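Enquirer: Chains as they are written, first to last, in our numbering: chain A, 1 to 139; chain B, 1001 to 1229.
It is worth saying that the hints were derived from the structure and are not from the lab. Keep in mind it's a predicted model, so treat the numbers as computed, not measured. Just to be clear, a hint being listed does not mean it is correct.
Unchecked claim - Straight-line alpha carbon distances no greater than 30 Å define the calculated DSS-like cross-link-like pairs of lysine-lysine that follow:
{"hint": "1", "chain 1": "B", "residue 1": "LYS1024", "chain 2": "B", "residue 2": "LYS1114"}
{"hint": "2", "chain 1": "B", "residue 1": "LYS1065", "chain 2": "B", "residue 2": "LYS1114"}
{"hint": "3", "chain 1": "B", "residue 1": "LYS1065", "chain 2": "A", "residue 2": "LYS46"}
{"hint": "4", "chain 1": "B", "residue 1": "LYS1210", "chain 2": "B", "residue 2": "LYS1229"}
{"hint": "5", "chain 1": "B", "residue 1": "LYS1027", "chain 2": "B", "residue 2": "LYS1213"}
{"hint": "6", "chain 1": "B", "residue 1": "LYS1114", "chain 2": "A", "residue 2": "LYS46"}
{"hint": "7", "chain 1": "B", "residue 1": "LYS1152", "chain 2": "B", "residue 2": "LYS1024"}
{"hint": "8", "chain 1": "B", "residue 1": "LYS1027", "chain 2": "B", "residue 2": "LYS1210"}
{"hint": "9", "chain 1": "B", "residue 1": "LYS1229", "chain 2": "A", "residue 2": "LYS46"}
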Amino acid sequence: MKTLIALLSLWAAFAQAHEVHHRIEATDAVVITLTYANGQPFAYEKYALTPVGQETPQQVGNTDALGRISFVSGAVEKWRVQATSADGHGVNQEFTVPTTDSRAAPTNESLPRWLLAGFGLSLIFGLFGLFQLFVRKKP
Amino acid sequence: MHSYAILLMFVAITAQAHDLWLEKSGKHLTLYQGHRHSSHAGSDTLDYGKHFVTAATCLDARGGKRPLAVAGSAPWTASGDCAALLLEMSSGYWSKTPWETRNAPKTEVSGALKSWRSLDSLKRIEQWAAPFIQPLGDGLEIVPTSDPFALKPGDKLVVRVLLAGKPQVNVPVAYHGETRGATDPDGRIAIRLRHGGVQLISTSVELPLKDGKADVEVRAATLQFELPK
């Protein structure tokens, strides 16, 4: 019996030593999207993310099916992303994490001014044309 | 929670891959692969296999063609006077899985998501001649529409991207690995030459492949010439 208890205690200690704790939380993240020149995703390829000025990468892994890398930048602003594929494609580029202001509205892209101006002119000419048509029809 | 994206577009070209270029030393020309002339960072030169070069053609100023030996050696070298030199290369079949990209046809890889056969061509124009306004081979090729040696940094060179003589529409074209735009319905694009020295203009297209070993054929082509520095 003592032997059994000793073995169980040993097993419990062994299991505890190999346990990996986890914590899940929602937080800010940077998403880098890598594509080929033709727009296709640079999917499932190896990458390394290293703070500029350091030699050891802070994060390594493979891009996802859409060619994305997501990471938590913390206080570090300048990073280098290196990604390569076995057939010779790759990127090796420094970048600066966008400021909070630019993060706040990532997809809020307004229409270009030239397009708005063109639309305004088209509207004016269209109304003028309708007006002319209306005036000419009157006896 | 915020999220945002940094979009990194790359070339390589083949999309973009490493640059290929021929370097002249005396009467010898040597084929290199790497990033020496790239706008993006990377190793200066990279090794390639002994059987990478599959065909080599030397052209004289009248357009006469002379095949060159491609006996397996790396780096590949050639000597002789050529007004232009056209190389065809292949790194073979590639298959991508969620875990790796292997230099093998999809028939030899378990769980392949995408597969392709890679073909490259490199045309180095040494001196301008009228026949060079036409494609020099049957594959994908970047053809200048005028004498590039008459230009200087800051000028634009209009080139055509042709495959088997047919214009390739809306394909990306890069200058030293940096995509500059896409071809028009006539296969044309104007590229501003930003500096002297080695000039590398490249493009790639993807074609369906029905040999059962890969889904598509990725063809890449580079035009090389040199201006005074």
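Enquirer: Each of the hints needs a verdict: does it hold here or not?
Expert: To see whether the hints hold, each was checked on the structure:
| no. | hint | verdict |
| --- | --- | --- |
| 1 | LYS1024(B) / LYS1114(B) | violated, 38 Å |
| 2 | LYS1065(B) / LYS1114(B) | violated, 37 Å |
| 3 | LYS1065(B) / LYS46(A) | violated, 43 Å |
| 4 | LYS1210(B) / LYS1229(B) | violated, 46 Å |
| 5 | LYS1027(B) / LYS1213(B) | violated, 40 Å |
| 6 | LYS1114(B) / LYS46(A) | holds, 16 Å |
| 7 | LYS1152(B) / LYS1024(B) | holds, 21 Å |
| 8 | LYS1027(B) / LYS1210(B) | violated, 42 Å |
| 9 | LYS1229(B) / LYS46(A) | violated, 37 Å |
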